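**Q** Sequence:
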Amino acid sequence: MSDSTQALPLDVHNVSKSFGDKQVLDDVSLSLKPGEIFGLIGLNGVGKTTLIKIILDLAKADAGDTHIFGRSSQEVKSRSAISYLPEKFQPSRYLKGREYLSLALSYYGRKLDIEQAKQAAEALDLEPAALDRKVGSYSKGMGQKLGLLGAFLIDQPFLILDEPMSGLDPSARIKLKDMMLRMKAEGKTLFFSSHILADIDEICDRIGVIHDAKLLFVGTPGEFKPAYNEEALEKAFLQAIQAA
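Quick note on numbering: this note's numbering labels position 197 of the sequence shown as 197, and the sequence is numbered without any gaps.
Keep in mind the hints are simulated off the structure, nothing from the lab.
It is possible that some hints are incorrect.
[Claimed, not checked] Below, in silico cross-link-like pairs of lysine-lysine (BS3-like), each with a Cα-Cα straight-line distance of 30 Å or less:
(1) 177 / 134
(2) 111 / 96
(3) 22 / 88
[What the hints assert, rightly or not] If you anchor each label on the Cβ, the simulated ranges turn out as follows:
(4) 169 / 136: 16 to 24 Å
(5) 22 / 90: 21 to 29 Å
(6) 127 / 181: 19 to 27 Å
(7) 107 / 36: 23 to 31 Å
(8) 107 / 45: 29 to 37 Å
(9) 108 / 18: 30 to 38 Å
(10) 113 / 27: 43 to 51 Å
(11) 132 / 220: 37 to 45 Å
(12) 23 / 185: 23 to 31 Å
(13) 127 / 239: 25 to 33 Å
(14) 44 / 239: 14 to 22 Å
(15) 14 / 241: 33 to 41 Å
Values in this document were obtained by computation on a predicted structure and should not be read as measured data.
Virtual Cβ for every residue (Gly too), placed ideally from N, Cα, C.
Work the whole structure out from these sequences, hints included.
**A** Here it is as structure tokens:
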């Protein structure tokens, strides 16, 4: 099925991946519902970014397959519905902020509306005047906000964000969460990884817990916490990986 109005935004089926002797993903399956926020959690180095790269066809699975709105993720057209922010976002330091945004939008055949960009920048706690400065003058947090701004302005139905809270101060994290919830209200689907579990608990409809190459749990935070007799997601997560 390739009708994006009916197909799931993401369907991962029995995906496995190894690097040499190290198994990074072992028979991982999950699917996303339209209009939900899904958070992928796990320790550093457990395969979160590898799974995202396989979804985006930036890495090849050893087994299994992934589909985006009913199309194989290996089809270039499948990725036309995605906005993506990588874990280590590093735009050219020689570009001005607005030049980066214009370039990002051009890949989707769109032109930058600078007034819209400035409004969105304010919503992410990024000073609009920063868009007229070169990226090389930005702090880490400002660079992250620019990357998020680009992903959001592209305005696709499915967003994949790898550690989007990285480098953000508490104020910016609050504003980012508000923006993600607004996008969900517009019907967009968001899939993101994070190690900041309080943020995951606050905004995610469902979560996936990955550890030692296995997907240990898929469900709501409200289902996950009582399964380990805990009220805090962080404590339930520790119980889950210790029991694995």
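**Q** It remains to establish, for every hint, whether it holds in the given structure.
**A** Structure-based check of all given hints:
1. 177 / 134: holds (26 Å)
2. 111 / 96: With Cα atoms ~16 Å apart, residue 111 and residue 96 stay inside 30 Å; holds.
3. 22 / 88: Satisfied, since the Cα-Cα distance of roughly 23 Å is no more than 30 Å.
4. 169 / 136: 16 to 24 Å: Since the Cβ atoms of residue 169 and residue 136 sit about 21 Å apart, the hinted range of 16 to 24 Å holds.
5. 22 / 90: 21 to 29 Å: holds (26 Å)
6. 127 / 181: 19 to 27 Å: Taking Cβ atoms as reference, residue 127 and residue 181 lie about 23 Å apart, which means the hint holds.
7. 107 / 36: 23 to 31 Å: This hint holds: roughly 26 Å between Cβ atoms.
8. 107 / 45: 29 to 37 Å: holds (30 Å)
9. 108 / 18: 30 to 38 Å: holds (34 Å)
10. 113 / 27: 43 to 51 Å: holds (45 Å)
11. 132 / 220: 37 to 45 Å: holds (43 Å)
12. 23 / 185: 23 to 31 Å: violated (39 Å)
13. 127 / 239: 25 to 33 Å: violated (42 Å)
14. 44 / 239: 14 to 22 Å: Taking Cβ atoms as reference, residue 44 and residue 239 lie about 19 Å apart, which means the hint holds.
15. 14 / 241: 33 to 41 Å: Once the Cβ atoms are compared, 22 Å apart, the range 33 to 41 Å for residue 241 and residue 14 is violated.
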